[in-house]
Amino acid sequence: MTALDALTQPVVLFFLLGALAAFARSDLAVPEAVAKGLSLYLMMAIGLRGGAEVAHFGASPQMGLAMAAGIGLSFLLPLPVFFLLRAAARLDRTNAAAVAAHYGSVSVVTFATGSELLRQHGLPAAGYMVAVLAVMETPAIITGLALARAGRRGRDELAPRGGLLHETFLNGSVVLLLGSFLIGMLAGDHGLAPIRPVYDGLFRGLLCLFLLDMGLIAARRLMDGRALTARTVAFAILIPIVQGALGVALGTALGLGPGTSALLGILAGSASYIAVPAVMRLALPVADPGLYLGMSLAVTFPFNLTLGIPCYIWIAERLGA
Amino acid sequence: MTALDALTQPVVLFFLLGALAAFARSDLAVPEAVAKGLSLYLMMAIGLRGGAEVAHFGASPQMGLAMAAGIGLSFLLPLPVFFLLRAAARLDRTNAAAVAAHYGSVSVVTFATGSELLRQHGLPAAGYMVAVLAVMETPAIITGLALARAGRRGRDELAPRGGLLHETFLNGSVVLLLGSFLIGMLAGDHGLAPIRPVYDGLFRGLLCLFLLDMGLIAARRLMDGRALTARTVAFAILIPIVQGALGVALGTALGLGPGTSALLGILAGSASYIAVPAVMRLALPVADPGLYLGMSLAVTFPFNLTLGIPCYIWIAERLGA
Amino acid sequence: MTALDALTQPVVLFFLLGALAAFARSDLAVPEAVAKGLSLYLMMAIGLRGGAEVAHFGASPQMGLAMAAGIGLSFLLPLPVFFLLRAAARLDRTNAAAVAAHYGSVSVVTFATGSELLRQHGLPAAGYMVAVLAVMETPAIITGLALARAGRRGRDELAPRGGLLHETFLNGSVVLLLGSFLIGMLAGDHGLAPIRPVYDGLFRGLLCLFLLDMGLIAARRLMDGRALTARTVAFAILIPIVQGALGVALGTALGLGPGTSALLGILAGSASYIAVPAVMRLALPVADPGLYLGMSLAVTFPFNLTLGIPCYIWIAERLGA
Amino acid sequence: MVERRRVEVLIDEPLLPALVELAQAAGVSRYTLLPALGGAGAYGRWRDDQLSGATGKVMFLAITTRAAADAFVERLEPLLDSHNLMLLSSDVEVVRGPRFG
Amino acid sequence: MVERRRVEVLIDEPLLPALVELAQAAGVSRYTLLPALGGAGAYGRWRDDQLSGATGKVMFLAITTRAAADAFVERLEPLLDSHNLMLLSSDVEVVRGPRFG
Amino acid sequence: MVERRRVEVLIDEPLLPALVELAQAAGVSRYTLLPALGGAGAYGRWRDDQLSGATGKVMFLAITTRAAADAFVERLEPLLDSHNLMLLSSDVEVVRGPRFG
Ligand SMILES: Nc1ncnc2c1ncn2[C@@H]1O[C@H](COP(=O)(O)O)[C@@H](O)[C@H]1O
Ligand SMILES: Nc1ncnc2c1ncn2[C@@H]1O[C@H](COP(=O)(O)O)[C@@H](O)[C@H]1O
Ligand SMILES: Nc1ncnc2c1ncn2[C@@H]1O[C@H](COP(=O)(O)O)[C@@H](O)[C@H]1O
Ligand code: NA
Ligand code: NA
Ligand code: NA
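Chains as they are written, first to last, in the numbering used here: chain B, 1 to 321; chain W, 322 to 642; chain S, 643 to 963; chain Z, 964 to 1064; chain X, 1065 to 1165; chain H, 1166 to 1266.
No lab work stands behind these hints, which were simulated from the structure alone. Misleading hints may appear alongside valid ones.
So the derived label-pair ranges between C-beta atoms look like this [stated by the list, open to error]:
hint: 1; chain 1: X; residue 1: 1088; chain 2: W; residue 2: 551; range: 55 to 61 Å
hint: 2; chain 1: B; residue 1: 23; chain 2: Z; residue 2: 1040; range: 52 to 58 Å
hint: 3; chain 1: B; residue 1: 79; chain 2: H; residue 2: 1231; range: 47 to 53 Å
hint: 4; chain 1: H; residue 1: 1166; chain 2: W; residue 2: 480; range: 22 to 28 Å
hint: 5; chain 1: X; residue 1: 1088; chain 2: B; residue 2: 231; range: 24 to 30 Å
hint: 6; chain 1: W; residue 1: 552; chain 2: H; residue 2: 1232; range: 35 to 41 Å
hint: 7; chain 1: X; residue 1: 1085; chain 2: B; residue 2: 186; range: 54 to 60 Å
hint: 8; chain 1: Z; residue 1: 1006; chain 2: H; residue 2: 1232; range: 58 to 64 Å
Which chain Z residues stay away from chain X? Per the calculated CB distances, all over 10 Å, these [to be verified]:
hint: 9; residue: 981
hint: 10; residue: 1036
hint: 11; residue: 1046
Glycine is no exception: its CB is placed at the ideal position from the N, C-alpha and C atoms.
Using the sequences and the accompanying hints, generate a full structural model.
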């Protein structure tokens, strides 16, 4: 798959349309409630699709391997990112930790787009990767908070009531993704048949509409983005490349096959902009949302969507050969 | 159909997922505008599906019987509920009347879920039951208001302008349900064909998404619910069982067949949480919404969805044998 | 096609249901965010459908002719309307110019409904008409602003920052329609296949839901409408008839065939209520939105939907014979 | 700039049309409606719920003369408790006084 | 706590970007935007309409010094009538005065 | 009519549950939440973003006695800077004083 193949897919074209509209200062806008509704639909559909596949093909030892790899990556990837940002980008401890948590975690939409492009490319990944996606969302948050030594500062008066672990593991997107995955496994092919037209038939079309909005949001954030510097932008491109290559290599080493390894790379290279920012706003209010959302949403996400994914697929094909 | 069959259907599983997420205090939430849009879609789809079936099979004398039975149930069921709540739950006149109106009326989503479960179970109900659903929404409101003797208190300055009957019969959900039913009848199989992918193809999948939200709403209301006591909770389970059995028996006596009788029981046993609360807030502002919404939405609705419906179907099968 | 054929189509019936509900003062309402989401979906789907057809059949010289005709109509139609409204309806310069701009521009939903009715009638129009729709949105705005001599008044402090041309050509609906058209052309049949269930399969059903809301909005505006007089209402019916006939005649003269000519008439006869009002509110804040939205949305739109479209089709069939 | 009264009423959505009529009858015919998301009061918590609209509330805001404000408040007072209303009054300055009653 | 001015402007959505620039030019660069649902004034009723956005309105709220508020109001005054704006000023107390101009 | 304090706090959505608890601890248990769309402050612009909810803000409004308001403000003061809050206080008149603390 070349970058050009990716760039002529409707999903990617709609993202570019949104970004261009925003750069040209068009007043095009998707209502927030609709965007949120679409994102809930996407997580539900991704969960069901994955669960249905696992129900169909059964769990395999490779699934356990891949999940362990995902958890490990999510826990460990924030460490090098943190030290890099401290040393090379001169970020303070809190901001570096917050950004690192985003890069250890994953982006659901990058995953969905990557899966589609892999399928289009004739290299589908295993269905259990939805479970890997789900388990990779949160460990990075724990590492990030430990790095910020959130504990040291003492509990302030606006600290979350249930404790941070609660906020982390019961984040809406984690619950919906895992819950739908389990429902898909429980209901199985037969039980899911009546709802397939929604979770499967509409998936790619609604992903286009959602990516139109992501294009608008990412470009507007880039334009507002006083928090970004040339240096942080460069890191927001460098980090996913390195992490993505690492993910692909790990997948290949574990014998997951080229499609699944590419998708593990896509996950490793992606950065969160739904689950992690919500927890960071709560846990590290002093960290600058303009910085972490700017890097993950306005730079890394578009990079992955257009160039990153084809690049990770390319690596997976070379390594797998 | 056993309760376990019902409990492994995706619609019910999504309801449980929502309820669990809310109990665990996850921040998962469906935007209000999306939930409202989904409920409009469901009413439109239910109306069209019913109208299409009547257009296809023609009106039958049984349809007249079933509609008369529905109107009668909706008018009369609030009476025993009112006296029970006055005597045994010690509610004041206004609150007892408001709650009674909810139980005489019906729940559109319980109806939709019941229809799906019946179809799954190989016992489909007649299409004209949509018309029965529509005509059962409002008579109970009239009985409830008469019980509260709303008239006695004199017209206060914030009383509805067009009179209460206006608010009752032109409630948005009643208008949309009946209107779509008529459009379905007018357009017929041929006219509806181009829009079938929406009103039929998406129905079950979007019902799942809606029930996820209903689970969140019901559980959060139960947790907020200072207005509920052990006694009112017990009644919110007892009343639907008795009413549901009554509805099934009446349907069987009228010779409506087991599927249709079961659905009449489901309607009789369900309680409104869309049309009736809106009118009550207007007509009986002194009544406590925490009480009537708590009972109908947070207790009766989940009960019917998980245990009530299989129970009414079971009765219908026994009686019909 | 007779008016009765049109009036028994579900799309039109849902419009009437909405209008009746509003006239009866029902509280039925579609959340604004959902309505906006639906309108974005419709523009995206219309663009993709048109682009796909052009990709499939290739561009033709007739496409060039039709686009030139559309641009010409949009530029010139506001002139007679302006002078008519000044002389016969005694509107002041600004209001007459604002209304004229609306009638030179087009209505996306009238276009969509007209296309459906033509298809139903066995007289489908060419796919490139979507491009004609897109290019007709804006020229009328330029003529309208020139007529109002917006420039003369000097730049006030709240004038748009980027200049009016910017607001005109980068209006969200124009961008989305043209962008989706281009994406449809770029992706082609093959690329669009995975998203066809959304942009094609759902189109007619979601158009029904949207028209329900349009019925509510149009009727409520008519009831609020202090700005409308018998005279302006009469013009809001007369203008589309004349413009529509002119459009059909021009299409026939250019040899576009009856279906395509009818659709050019539908475009010419329709009036904008999405793109133009937004620009007018900005460019001519002194003009009365009650007047221009009242005429275009509350009178002309319902007229076209029920009587106008069948009438333009009838003319196209007579002229084409 | 001239002084006027700012009157705010938090009211259940279903009761809004009736409130607008009552205000008009008291000489308050210009107003703006602002949305509310939720809250807590003597009768427990509420959240906006568009499903039935039964538990949603809206903030009615009117700028008016002291006399009209007093007339409005007086008519509303007996309904405050039974209808769970919150009524706030404060001073505000406006340009173009005559536009505000 | 120190005294500041609370300036509120109800304005049509399409005009908002221009208002933000005008405010900035008058030294008011910090603000919050609040949604509005509908209302009634000298020019009849309006409801929020996201379809074209043409008839929706937004409440612009800025807390600032009396001097900046006066400069802002002065620039806005000639536009109030032609652009159907509602402008309100009142007193408010804030902590951390320097943050509010 | 009796005088009370109107306290408004603009706060990030994720922090809202904690603010409600803090208010309760300070004796302010009745409140209303109003939505906000966007704004600009010392830390740049923001828009409501329901995607993650991370950058959305809500206006917390409480009417209370001067004493309770002071207690609330005092507890909140050390958090204003670190948590990007905007805190406003003003006078307001209410009917049924006892309902407002
Ligand atoms: N006295 C008032 N009190 C509250 N809102 C007002 C008042 N006057 C005007 N408005 C608002 O400002 C909008 C425009 O006012 P106008 O230019 O008078 O039509 C109205 O539609 C109301 O939403
Ligand atoms: N002077 C002000 N007037 C109105 N809103 C303000 C003001 N200062 C801050 N805000 C709001 O509070 C938010 C956070 O402020 P800050 O911490 O200064 O970035 C801003 O984004 C605005 O929405
Ligand atoms: N002191 C207060 N401050 C702010 N909002 C209040 C206050 N009291 C009541 N409210 C609002 O008014 C609603 C109804 O109040 P109540 O009738 O006391 O339950 C509450 O749910 C709050 O949204
Ligand atoms: Na990652
Ligand atoms: Na019932
Ligand atoms: Na036209």
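So, going through the hints one by one against the coordinates:
Taken as a hint, the range 55 to 61 Å holds for the pair residue 1088 (chain X) and residue 551 (chain W), whose Cβ atoms sit roughly 60 Å apart. About 55 Å separates the C-beta atoms of residue 23 (chain B) and residue 1040 (chain Z), a value consistent with the hinted range of 52 to 58 Å. Range check, residue 79 (chain B) to residue 1231 (chain H): about 51 Å between beta-carbon atoms, so the 47 to 53 Å window is met. Between residue 1166 (chain H) and residue 480 (chain W) the C-beta distance comes to about 26 Å, which sits within the given range of 22 to 28 Å.
Residue 1088 (chain X) and residue 231 (chain B) have their C-beta atoms about 29 Å apart, which keeps the hinted 24 to 30 Å range intact. Distance hint for residue 552 (chain W) and residue 1232 (chain H): a CB-CB separation of about 40 Å, consistent with the stated range 35 to 41 Å. Separated by about 56 Å at the C-beta atoms, residue 1085 (chain X) and residue 186 (chain B) satisfy the suggested range of 54 to 60 Å. Restraint check, residue 1006 (chain Z) to residue 1232 (chain H): a C-beta distance of roughly 24 Å breaks the suggested window 58 to 64 Å.
Look at residue 981 (chain Z): its CB is around 15 Å from the nearest CB on chain X, clear of 10 Å, so calling it non-interface holds up. Annotated as non-interface, residue 1036 (chain Z) keeps its C-beta farther than 10 Å from every C-beta of chain X; the closest such distance is 18 Å. In this structure residue 1046 (chain Z) is separated from chain X by more than 10 Å, as the shortest Cβ-Cβ distance comes to about 20 Å.
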